[in-house]
Amino acid sequence: MNPLPLLLTLSSLLFALGLLAVLTRRNAILILVGIELMLNAANINFIAFWRYGSVEFDLTGPLFVMFSIAIAAAEAAVGLAIILMVFRHTRSTDLNRLDSLHG
Amino acid sequence: MVPLLLLSPLILLAALGAVWKARPVHAALLLALALALVAVLYLSVGAEFIGLVQFMVYVGGVAILIVFALLITRPGDEAAEVARRPRSLALGLVCVAPVLGILLYAVSKGLPVAAFEDANPKLPVQALGTELFENAVPAVLTVGVLLTAVLIGAALFAREPGPKSELPADR
Chain A
1 MNPLPLLLTL SSLLFALGLL AVLTRRNAIL ILVGIELMLN AANINFIAFW RYGSVEFDLT
61 GPLFVMFSIA IAAAEAAVGL AIILMVFRHT RSTDLNRLDS LHG
Chain B
1 MVPLLLLSPL ILLAALGAVW KARPVHAALL LALALALVAV LYLSVGAEFI GLVQFMVYVG
61 GVAILIVFAL LITRPGDEAA EVARRPRSLA LGLVCVAPVL GILLYAVSKG LPVAAFEDAN
121 PKLPVQALGT ELFENAVPAV LTVGVLLTAV LIGAALFARE PGPKSELPAD R
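Listed in order, the protein sequences are those of chains A and B.
By this note's numbering, the letter at position 15 of the first sequence is numbered 15, and the numbering carries on one by one without gaps.
By this note's numbering, the letter at position 91 of the second sequence is numbered 91, and the numbering carries on one by one without gaps.
Among the hints, erroneous ones may be present.
Looking from chain A toward chain B, a few residues come up when the C-beta cut is under 10 Å (computed) [claimed, not checked]:
1. Gly18
2. Val33
3. Phe49
4. Leu63
5. Ala73
6. Ala77
7. Ile82
8. Arg91
9. Leu98
Hint data in this document are derived by calculation from the structure and do not stem from the laboratory.
Glycine included, each C-beta is placed from N, C-alpha and C at the ideal position.
Work out the full structure: start from the sequences and follow the hints.
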């Protein structure tokens with residue numbers, strides 16, 4: 001049996017969990033946790049199609065994952081820096097309280 | 001196949017904990033566990049290099065960054081968060097269920113292309129390096145510029161306000 005459907009189901013569930021975190025969390029840092037989970041779900045898809053897909057001797061999947069990991073790291077660093085700056089202004093990372101652009 | 005069957009529930013359980021736990025530090029540590037298990041998954045399907053990169057960047061970098069950010073910002077009022085968590089989770093589940101339904105329906109419909117049991121059993125690191133630094137050079141350079149910009153930008157954002165404002169006015 002080909003394990004591709006298993007990996008695709010895993011990544012679908014992981015994506016749904018990430019989306020749930022993004023929708024329900026109020027702490028900005030924990031929303032980043034959800035975004036990381038969704039990015040990982042996409043990476044699992046790339047690797048699954050590379051490993052068990054229909055194209056042999058192909059490197060597109062792993063290449064995409066490499067770039068995706070690099071960009072995810074950049075996104076996390078900038079996101080956390082912005083959250084730290086906002087925290088310094090408002091003493092809070094609760095998104096419900098951050099309803100004003102006034103510095 | 002057997003490692004995948006063992007790893008998939010573990011990854012999902014760790015991710016579920018990262019979403020479910022009301023306490024932020026528990027959630028961040030469970031995220032680190034989930035990311036580490038995904039790295040093990042990559043190792044077990046033959047993409048060792050990607051697994052190691054995942055381990056170093058995600059587990060060693062991003063997850064630790066998140067834990068440190070939580071320690072710096074010290075999210076207060078945990079009791080209120082714990083109390084309102086079930087209601088927001090129920091509302092979130094209502095929104096996520098259709099998305100998950102569509103995704104699982106697409107997976108169950110099967111693939112339009114033939115799938116091989118062993119399309120690429122092993123990741124050839126040398127070929128990946130050649131591909132990266134011969135055919136994908138513009139993309140590699142772009143990512144390099146992006147990461148440099150991120151380094152400078154994040155340092156500018158996160159630094160303490162400088163002593164400029166404290167300089168004497170007559171200078």
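Going through the hints against the structure:
The criterion of a C-beta within 10 Å of any C-beta in chain B is met by Gly18/A, whose closest approach is roughly 8 Å, and the hint holds. A cut of 10 Å between beta carbons decides the hint on Val33/A: the least distance to chain B is about 5 Å, and the hint holds. Taking 10 Å as the C-beta contact cut-off toward chain B, the hint placing Phe49/A at the interface holds, the least distance being around 9 Å. About 6 Å separates the beta-carbon of Leu63/A from the nearest beta-carbon of chain B, less than 10 Å, and the hint is met.
Interface hint at Ala73/A: satisfied, since its Cβ lies 5 Å from the closest Cβ of chain B, which is below the 10 Å cut-off. With its C-beta approaching chain B no nearer than about 5 Å, Ala77/A sits inside the 10 Å limit, and its interface hint holds. For Ile82/A, the interface hint holds, the least distance from its beta-carbon to any beta-carbon of chain B being 6 Å, beneath 10 Å. For Arg91/A, the interface hint holds, the least distance from its beta-carbon to any beta-carbon of chain B being 9 Å, beneath 10 Å.
Taking 10 Å as the C-beta contact cut-off toward chain B, the hint placing Leu98/A at the interface is violated, the least distance being around 13 Å.
In summary, the structure is inconsistent with hint 9 from the numbered list given earlier, while agreeing with all the others.
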